[in-house]
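> Top line first, the protein sequences correspond to chains A and B. First residue of the first sequence: 74, per our numbering; consecutive thereafter. First residue of the second sequence: 47, per our numbering; consecutive thereafter.
FYI, nobody ran anything at the bench for these hints, they're computed from the structure. Here the structure is a predicted model, which means the values were calculated and not measured. Beta carbons: idealized from backbone N, C-alpha and C, even for Gly. Take these hints with a grain of salt, some might be off.
One-sided and incomplete, this derived list gives chain B residues near chain A with beta-carbon spacing under 10 Å [what the hints assert, rightly or not]:
#: 1; residue: 52
#: 2; residue: 87
#: 3; residue: 88
#: 4; residue: 89
#: 5; residue: 90
#: 6; residue: 145
#: 7; residue: 147
#: 8; residue: 148
#: 9; residue: 151
#: 10; residue: 152
Label-pair ranges, simulated between beta-carbon atoms [unchecked claim]:
#: 11; chain 1: B; residue 1: 72; chain 2: A; residue 2: 113; range: 16 to 26 Å
#: 12; chain 1: A; residue 1: 99; chain 2: B; residue 2: 86; range: 17 to 27 Å
#: 13; chain 1: B; residue 1: 105; chain 2: A; residue 2: 87; range: 43 to 53 Å
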Amino acid sequence: DVKVTQSSRYLVKRTGEKVFLECVQDMDHENMFWYRQDPGLGLRLIYFSYDVKMKEKGDIPEGYSVSREKKERFSLILESASTNQTSMYLCASSLGTSGGAPLNEQYFGPGTRLTVT
Amino acid sequence: DQQVKQNSPSLSVQEGRISILNCDYTNSMFDYFLWYKKYPAEGPTFLISISSIKDKNEDGRFTVFLNKSAKHLSLHIVPSQPGDSAVYFCAASADLFLGKLTFGKGITLSVRP
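Input sequences plus hints: build the corresponding full structure.
If you want it as structure tokens, here you go:
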């Protein structure tokens, strides 16, 4: 079974703090993704990565950055947390192009509920 | 501009009856569609998918129908069970290589015992 783990289930940070959210997958997946989920807005893509040290902006990258130094780990960084970044953050991974099926199926971690006060 | 639309925020059905969850999309480049199910305090889990070369895919109680000309897909759950109560997200992909998905806002399904 694919396992995607996130470093914290719940996190409370103060405005202006630098926040790191960590995500690790154990299935050698090429692609990794960070989303945030907000009521009435669904899942919105923040950043994704299709290879080590590669990153692409998603739909809402402002205020965030990412790091992928190793294939299995994808970190989301809030450089200076703000109250409007209070949200549920979800990490996901997918196989990529290396055969198997379906290529686009993403496996999600349990999420991190971040509160910025 | 929302490319994947789930216009009904919620749906309530009786146990044993059919649940029909609808999804519309606007991007003609989408060629692969997925449904995810999400319980509170958990990450979404993959449910079923369909390629644009098909118009139906079935997996047990779950069937997804795709109408490309109408840019519409639907998820049918028969029979519905209380454990199906969750938020259902429709997602679409136009890039097989990157695997990037565009999600709808989700539909909250409640199955009444």
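> Could you run down the list of hints and mark each one as holding or not?
A quick look at each hint next to the structure:
{"no.": "1", "hint": "52", "in the structure": "holds, 8 Å"}
{"no.": "2", "hint": "87", "in the structure": "holds, 7 Å"}
{"no.": "3", "hint": "88", "in the structure": "holds, 6 Å"}
{"no.": "4", "hint": "89", "in the structure": "holds, 3 Å"}
{"no.": "5", "hint": "90", "in the structure": "holds, 5 Å"}
{"no.": "6", "hint": "145", "in the structure": "holds, 4 Å"}
{"no.": "7", "hint": "147", "in the structure": "holds, 6 Å"}
{"no.": "8", "hint": "148", "in the structure": "holds, 8 Å"}
{"no.": "9", "hint": "151", "in the structure": "holds, 4 Å"}
{"no.": "10", "hint": "152", "in the structure": "holds, 5 Å"}
{"no.": "11", "hint": "B:72 with A:113: 16 to 26 Å", "in the structure": "holds, 19 Å"}
{"no.": "12", "hint": "A:99 with B:86: 17 to 27 Å", "in the structure": "holds, 25 Å"}
{"no.": "13", "hint": "B:105 with A:87: 43 to 53 Å", "in the structure": "holds, 46 Å"}
The structure shown violates none of the earlier numbered hints.
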